[in-house]
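Based on the sequences and whatever the hints tell you, model everything.
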Amino acid sequence: MSNKFKVQQGLTLVEMMVAMVISLFLSAGLFSMFTMSATNVVTTSQFNQLQENGRIALALIERDISQLGFMADMTGTDFIVGTNTQIDAVAIPASDDCIGAGVNNASLPNNNPAHFRRLWGYEQGVSTESFACLTGVSASTDVLQVKRLIGPSVAVPNDNNRYYMGTTANEAVIFSGDQVTPVMDNARFWEYQHHIYYIQEDDGVPVLRRRVLRRGGMKTSGSYEQLVEGIENMRVLYGFDNDGDDTADSFMPVQNVTNLMWDNELFQRLVALRIFLLVRAVNEDRSFTNQSSYQLGDKNIPATGDHFRRKVVSATIVLENPVLIRN
Numbered sequence: 232m233s234n235k236f237k238v239q240q241g242l243t244l245v246e247m248m249v250a251m252v253i254s255l256f257l258s259a260g261l262f263s264m265f266t267m268s269a270t271n272v273v274t275t276s277q278f279n280q281l282q283e284n285g286r287i288a289l290a291l292i293e294r295d296i297s298q299l300g301f302m303a304d305m306t307g308t309d310f311i312v313g314t315n316t317q318i319d320a321v322a323i324p325a326s327d328d329c330i331g332a333g334v335n336n337a338s339l340p341n342n343n344p345a346h347f348r349r350l351w352g353y354e355q356g357v358s359t360e361s362f363a364c365l366t367g368v369s370a371s372t373d374v375l376q377v378k379r380l381i382g383p384s385v386a387v388p389n390d391n392n393r394y395y396m397g398t399t400a401n402e403a404v405i406f407s408g409d410q411v412t413p414v415m416d417n418a419r420f421w422e423y424q425h426h427i428y429y430i431q432e433d434d435g436v437p438v439l440r441r442r443v444l445r446r447g448g449m450k451t452s453g454s455y456e457q458l459v460e461g462i463e464n465m466r467v468l469y470g471f472d473n474d475g476d477d478t479a480d481s482f483m484p485v486q487n488v489t490n491l492m493w494d495n496e497l498f499q500r501l502v503a504l505r506i507f508l509l510v511r512a513v514n515e516d517r518s519f520t521n522q523s524s525y526q527l528g529d530k531n532i533p534a535t536g537d538h539f540r541r542k543v544v545s546a547t548i549v550l551e552n553p554v555l556i557r558n
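Be aware that the sequence shown starts at 232, since it is given in the working numbering, and climbs by one per residue.
Hints in this document: simulated from the structure, not taken from any laboratory.
Treat the hints loosely; a few may be bogus.
Said to hold, decoys possible - Mimicking DMTMM-like on lysine to aspartate or glutamate, the simulated pairs with C-alpha atoms at most 25 Å apart in a straight line are:
1) K450 / D434
2) K530 / E354
3) K530 / E360
4) K530 / E432
5) K530 / E293
6) K530 / D319
7) K450 / E460
8) K450 / D516
9) K450 / E402
10) K542 / D319
11) K542 / E293
12) K450 / E515
13) K542 / E515
14) K450 / E283
15) K542 / E460
16) K530 / E460
17) K542 / D390
18) K450 / D477
19) K542 / D516
20) K542 / D529
21) K542 / D409
22) K530 / E283
23) K530 / D480
24) K542 / D327
25) K542 / E354
26) K450 / E432
27) K542 / E422
28) K542 / D433
29) K450 / D295
30) K542 / D472
31) K530 / D390
32) K450 / D480
33) K450 / D529
Stated by the list, open to error - FRET-style restraints, in silico, Cβ to Cβ:
34) V334 / E432: 29 to 37 Å
35) N514 / V357: 26 to 34 Å
36) V357 / L491: 29 to 37 Å
37) V414 / T547: 19 to 27 Å
38) Y455 / D319: 24 to 32 Å
39) L257 / A534: 21 to 29 Å
40) Q410 / T535: 48 to 56 Å
From the three backbone atoms N, C-alpha and C, an ideal C-beta is built for every residue, glycine too.
Below, the structure is given as structure tokens:
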């Protein structure tokens, strides 16, 4: 008696439909997992980008501001042209300079009998005064000006595109790197710098920029520096010491700072700055809608409803030189 085996030649229609349904469920599950994984990668990447860009921007600003007013042996002494200050450098035309508010607030000191400002700021489109040298500054963002010497001192100034200051205990000479170094007894020589921080869009991306002083002014080639992408807003609060203990008793927006306060001519002394930055992702994420508002010190940024993630970073910076001068 022989056994006969039947060989199946294919699948029935029902079996094929069942297999297709199972395959669809598996494919849908895999696609869902892939989509969730891709979304998580984008989210994590953008949060890391926000954190890193904010950290770098604060570090650049903090390093500069913390040394505000450093003028080597002349720190704490007003520059009086013709008395304790000599300017050998060729005069910078007003059209090529960044001149702030006050009668003595250009890149180099002038001979007006007024305090030479090392720090000044304003809010674009809100304050009544601004830098004429800047164009395209993002509306309702703060602009900050800083002047100081940059260390370490150099034996022989050798950068033709920079300005330098030779200092002794009672004299300062300002000259450019293409000039002969002045002869001064017991002098040290330092790079002199005038920086302006501001925000401007570049092809739809907000960027923290810095204007720097180069020989001939602040509108020459190389005087623009693009620092960090994604910095959308900057708010500066100015901290004043009212009781002489070298710590800020109050922080106020630029609109509340008077001319006398800028020049430290009242008992109130400017001893600290509080910097707030609103950092925005460079690229949008269409799967995300931003419904959050953000607080930058005294200023609230309402929700935009767009597809960009944002983050607020901040730092309080003590102005070491004004504190040391008082003591």
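**Prompt:** Given the proposed pairing of K530 with E354, does the C-alpha separation stay at or below 25 Å?
**Reply:** holds (12 Å)
Review point. K450 and D295: Cα distance at most 25 Å?
Key: Given that 25 Å is the threshold and the Cα spacing comes to 21 Å, the pair holds.
Is K530 close enough to D480, meaning Cα to Cα at most 25 Å?
holds (20 Å)
Q) For the pair supplied as a hint, K542 and D433, is the alpha-carbon distance within the 25 Å limit? A) holds (20 Å)
Within 25 Å, alpha carbon to alpha carbon, are K542 and D327? violated (36 Å)
Using the Cβ atoms, figure out if L257 sits within 21 to 29 Å of A534. The hinted range 21 to 29 Å is violated for L257 and A534, with Cβ atoms some 40 Å apart.
Handout entry: 25 Å limit on alpha-carbon distance, applied to hinted pair K530 and E460
Key = Roughly 22 Å separates the two Cα atoms, so the pair holds.
Checklist entry - Keeping to a limit of 25 Å between CA atoms, is the pair of K542 and E460 held or broken? => result holds (13 Å)
Given hint E360 paired with K530 - CA-CA distance at most 25 Å:
The hint holds at about 20 Å.
Compare the distance between the alpha carbons of K530 and D390 with 25 Å, and conclude whether the hinted pair is satisfied. violated (42 Å)
Whether the CB-CB distance between V334 and E432 falls inside 29 to 37 Å: holds (33 Å)
Exercise. Can the restraint linking K450 and D477 be considered satisfied, given a maximum Cα separation of 25 Å?
Worked result: Violated, at roughly 37 Å.
Against the hints set out earlier in the document, violations occur for numbers 6, 8, 9, 10, 12, 14, 17, 18, 21, 24, 27, 30, 31, 32, 33, 36, 37, 39.
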